[in-house]
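J.: Those protein sequence lines, which keep their order, are chains S and X. Quick note on this note's numbering: the first sequence kicks off at 1 and runs consecutively. Quick note on this note's numbering: the second sequence kicks off at 1 and runs consecutively.
No lab work stands behind these hints, which were simulated from the structure alone. Some clues are possibly wrong.
As the list claims (entries may be wrong) - Taking CB as the label site, the calculated pair distances span:
1. 72/X to 74/S: 13 to 23 Å
2. 67/S to 105/X: 25 to 35 Å
3. 25/S to 113/X: 17 to 27 Å
4. 57/S to 101/X: 32 to 42 Å
5. 65/X to 9/S: 17 to 27 Å
6. 73/S to 105/X: 19 to 29 Å
7. 83/X to 77/S: 12 to 22 Å
The structure presented is a predicted model; accordingly, all values stated were derived computationally and were not measured. We treat Cβ as the ideally placed atom computed from N, Cα and C, and that holds for glycine.
Listed below, chain by chain, are the residues.
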Amino acid sequence: MVGSRAPKLSGIQKQVLSLYRGFLRTTRSKPPENRAHIESIISGEFRKNSKLIDRKDFLHIEYLIRRGKKQLDQLKTVDSVTLSSSNVDDSTKP
Amino acid sequence: MAAVPVTCVRLTTSMHTNQIIGKPSTLKLVSFGRATSGLSRLSRFQISCAAKPETVTKVCEIVKTQLALSADSVVEPDSKFSALGADSLDTVEIVMTLEEEFGISVEEENSQNITTVQEAADLIEKLVEKKNATA
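This is chain S alone, in the form it adopts within the complex (with noise of 0.2 Å):
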């Protein structure tokens, strides 16, 4: 391709960006007006650790992809239709 190089990617942030492919990849077999909402979760939960985490911090990414792994094969399964969230305040805990 002409002149422009794409950036830099790392192993962790490939898997990341992987993960959150899959996760929009399946919500298009989910009902349209779930798909949207559905959608909105997703992307809020990856934006919001996109922000919240440090790059460095790789146990904790880590971590987080193998519970997205898991968060998307039980989305991937035909009676999930739609998702739902709840907020847990970190500041709560001891």
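Place chain X on chain S using the hints.
T.: Here is chain X on its own, set in the frame of chain S:
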């Protein structure tokens, strides 16, 4: 309104061609074509590498909506997604939307190489062609 991006497209594709022809590596390619004049060489190359203006315009539109850019902001084929304020998550979203709009499937490794509208449009044309060939 639609006329503006189209003229942009023409301008930049011809720039692209000049850049490519300026490179010594394309000399090999030229000799394959057995072109007798420089002019036909130019048009030959344009056909093989540049995406259709409609595709580029459509990609521009999608990018605009996806990044929630204002209607009067200019998205040119050479615009880098990052320069338009897109991060890597936005880029994934753009590629996913393009997949749906054009009814194609972009390979994972390819989608990470897309950084400009032009690159996206070129890849889309290639994939649409492939899809039509197999269908």
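J.: Hint by hint, which ones does this structure get wrong, listed from lowest number up?
T.: Hints 1, 7 contradicted; others consistent.
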